[in-house]
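Asks: Residues per chain, in single letters:
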Amino acid sequence: MTKFNRPGGVSRRTMLQGTAAVGTAALITPWGTPLRAQPVRGGTLRIGMAHGSTTDSLDPGTWENDFTILQGHTRNNYLTEIAADGTLVPELAESWEASADAKTWTFRLRENVAFHSGHIMTAEDVIASINYHRGEDSTSAAAPIVAPITDITADGMTVVFTLESGNADFPFVVSDYHLPILPAVNDGAIDPMTTDGCGPYVLNDLEFGVSASYTRHDGYWKTDRAHFDAIEQIVIHDNAARQNALISGEVDYIDTADLNTVHLLERAPGIQILSVAGTQHYGLPMDTRAEPFNNNDVRMALKFAIDRQQLVDTILNGYGEIGNDHPIGSGQQFYNAELEQHSYDPDRARFHLREAGMENLDVQIHLADAAFAGALDAGVLFAESAAAAGINLEVVREPDDGYWSNVWMQKPFAGTYWSGRPTEDLMFSTAYSEGAAWNETYWSHERFNELLVQARSELDQDLRREMYYEMQDICANQGGALIPMFASYVGAHTEALARPDEIAANWRNDGQRIAERWSFAS
Amino acid sequence: MSHISTMILQRLALGLVTLFVVSLIIFLGTELLPGDFAQEILGQSATPETVAALRNQLGLNDPMLVRYANWLGDVVRGDLGQSLANGQSVSELIGRRLSWTLSLALYAAIIAVPLSLILGILAALFRNSFFDRFANASALTSISFPEFFVAYILIFYLAGAGGPFPSMSSMRGEVSWGEYLHRAFLPALTLTLVVTAHMMRMTRAAIINLLASPYIEMARLKGMSPMRVIVKHALPNALAPIINVIALNLAYLITGVVVVEVVFVYPGLGQLMVDSVSARDMPVVQGIALIFAAAYVLLNLTADVLATLSNPRLVHRR
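Here the protein sequences line up with chains Z and L, keeping their order.
Read in order, the letters of the first sequence are residues 1 to 522 in my numbering.
Read in order, the letters of the second sequence are residues 523 to 840 in my numbering.
Bound conformation, chain Z alone (with noise of 0.2 angstroms):
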């Protein structure tokens, strides 16, 4: 495959590139030996995390949230692993191939991966952990993302699963963190509530809402990994107290840190910053088929009157990079860096609004901080910059408690914030594509949604990529989400931890797999 070049802009990469050269730099000796050594074996990685809930629980189909996410990594394997690149590599499936029109996928399997009750993994416990997720009266969050598989067969160590439709990217569906591969019981189906998996590390203790202790797997097949002897994951709730226990050495490394006080954190000594640019992005999402957003002009006007730089600067404190309203990050595959970048222009805003009709508009936004960090404030902002271009925004503030379930997707304008996808695919066909469970701006577009079934199932990579291309435009230039900020997953760690010099940006966490792929340092 040939290396698309973007013209201009930085790329994930070379910005990750670039702060691991500043932290090498740093830990240069004045006899300007680097610190920086090969992964050694051993000792306790600490991590405080910022979420985690006493209702979480062990079932994999109510995973949510990065407690549980990050769990899921450290305790299972899945069939496919999204390398630190974002490339998709094997794990528990040695190699796979589609058919010509990429509804049968064959899944080769490895064999004498034992799991930590020392059963060995077959084909059987495959189809078990992905036929719990499916059926009628499935009660996981990822039922729809496994609703397309319409059946799943084995042979010996391979497994064939037959799509209804054609998808181009299934092996990355099959990453998916709800679905780690779980050891069938009895009557062929898992127990969704085991603590058994063949991940890098067993599970020991558990308590939801407080913290997770693991130690190393012994019989672990990757022999690269897993470095650690034993992982400890610990609830810290606190934006301060998180911050204090790292400072103050009771943890090494925090998995999120307030944005408001990473200036401070920063000038802590032996405390290093971990900033990934991903996936996760920030949106104001308008229904297109309300009063006065089912008019494009409305929307663009609106588009034009949000000055985005100022967000990135202020509610991020420039943790972030610009949005262009589409869904998909800067340093995915089939980015389109083309793309004229909408930003802040009251005069085009003026000029969509006369073309919508128009001289002045009075709308009403709907925002709760549970809608991302800051989602009051950046209304706010957004209501000034919106008041020169003649539009007068209201922010109307909503309760935290209930806001997923009374506000998103229930009042026209309203703030939301996603995690991204690995693939456009997933994101569009989640979030954009008609019909879609959470189309959250109700859009409906013809040829966008004629693309998004064209591109799933085409197996050419320049074809898909123009596809993709013209989808990022259609969305950002007649969808109804205003996505003004990808904010990058913030962490700090201490100097002890040596990270790899590439960090995956699809999750947080070095995309979930910290405890396998870091280490402490010599």
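Derived by calculation from the structure, the hints in this document are not laboratory data.
One should not assume that every hint holds.
From the structure, some residues in chain L lie toward chain Z, with a derived Cβ separation under 7 angstroms [stated by the list, open to error]: (1) T572; (2) L576; (3) Q579; (4) A607; (5) N608; (6) S692; (7) D797.
Stretch-level coverage of chain L by chain Z, calculated; a stretch enters the list once three of its residues show a Cβ under 8 angstroms from a Cβ in chain Z [said to hold, decoys possible]: (8) 609-619; (9) 671-681; (10) 780-788; (11) 799-812.
Estimated spans, in silico, between C-beta atoms of each pair [said to hold, decoys possible]: (12) L:F667 / Z:D187: 58 to 64 angstroms; (13) Z:A83 / L:A816: 53 to 59 angstroms; (14) Z:A83 / L:V780: 40 to 46 angstroms; (15) Z:L206 / L:L536: 36 to 42 angstroms.
Ideal Cβ positions, reconstructed from N, Cα and C, are used throughout, including at glycine.
Place chain L on chain Z using the hints.
Replies: Frame of chain Z; chain L shown alone:
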């Protein structure tokens, strides 16, 4: 003494009625909250189908009264039910957290109660002196700041780099007694600072009130030392209001420590309550609410009994 036992029995019966009313209020209150368990637990990623399936599986589609009656029936039989979220037994879930909460409350009480009694007595003894003013001013200052601020100040000075105490009181694995006292010192100290002012000022006021009585005058005229007058003659008669304030503060130490728990990452009941309310995990919320209500009822009962015992006139009422 039969009067006392009748009173205890009456109050215990009344306590049960209170608990029943509390359970009803809690149940209705959470019903009024927006969203329901299935929606909250599946979060942003919920689709209508999965929400419906989950509701069905958990029996959330039953009418409210049926669910309440089922739950109440189980509680009467001593079964608090299972958490909707992860199927764990509620009594087990609460039991672990309750023991941590009670330990912290006890730790803080052991420091705070003697401290505030002594400070209160001394303040009454040296009324309007520099000591009195200083003790009053500092107690009022610490109670005037929000708890999290007091906690951060303590962390700033006593924890962190070089400080003698850990900034985090997270209890994981096996914790020995010595380790517990060390790790939980800062939260206990924060709570002490928060409750001391109340108890100390009540002690001082109650004693000063009595110092004008004729029998105190008599004691003074006999030539008794001021300290002896206060401890021997004034304090026993001032006990009733002081015990009441202490009971209220002890109840606060059990039920009101959410903020302190969050700041110090202490695994008590508070965070469990907050998480369960926001997830609408009814069995857990109701279980904790009952325990909190029971703590108030029992501590108030104890306070009344002790106050009655401290006043012989009340015991021998005709």
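Asks: Take the hints in turn and mark each one as holding or not.
Replies: Hints and how they fare:
no.: 1; hint: T572; result: holds, 5 angstroms
no.: 2; hint: L576; result: holds, 4 angstroms
no.: 3; hint: Q579; result: holds, 6 angstroms
no.: 4; hint: A607; result: holds, 4 angstroms
no.: 5; hint: N608; result: holds, 4 angstroms
no.: 6; hint: S692; result: holds, 6 angstroms
no.: 7; hint: D797; result: holds, 4 angstroms
no.: 8; hint: 609-619; result: holds (count 3)
no.: 9; hint: 671-681; result: holds (count 3)
no.: 10; hint: 780-788; result: holds (count 4)
no.: 11; hint: 799-812; result: holds (count 4)
no.: 12; hint: L:F667 / Z:D187: 58 to 64 angstroms; result: holds, 60 angstroms
no.: 13; hint: Z:A83 / L:A816: 53 to 59 angstroms; result: holds, 54 angstroms
no.: 14; hint: Z:A83 / L:V780: 40 to 46 angstroms; result: holds, 42 angstroms
no.: 15; hint: Z:L206 / L:L536: 36 to 42 angstroms; result: holds, 41 angstroms
Violated hints: none; the structure is consistent with every hint.
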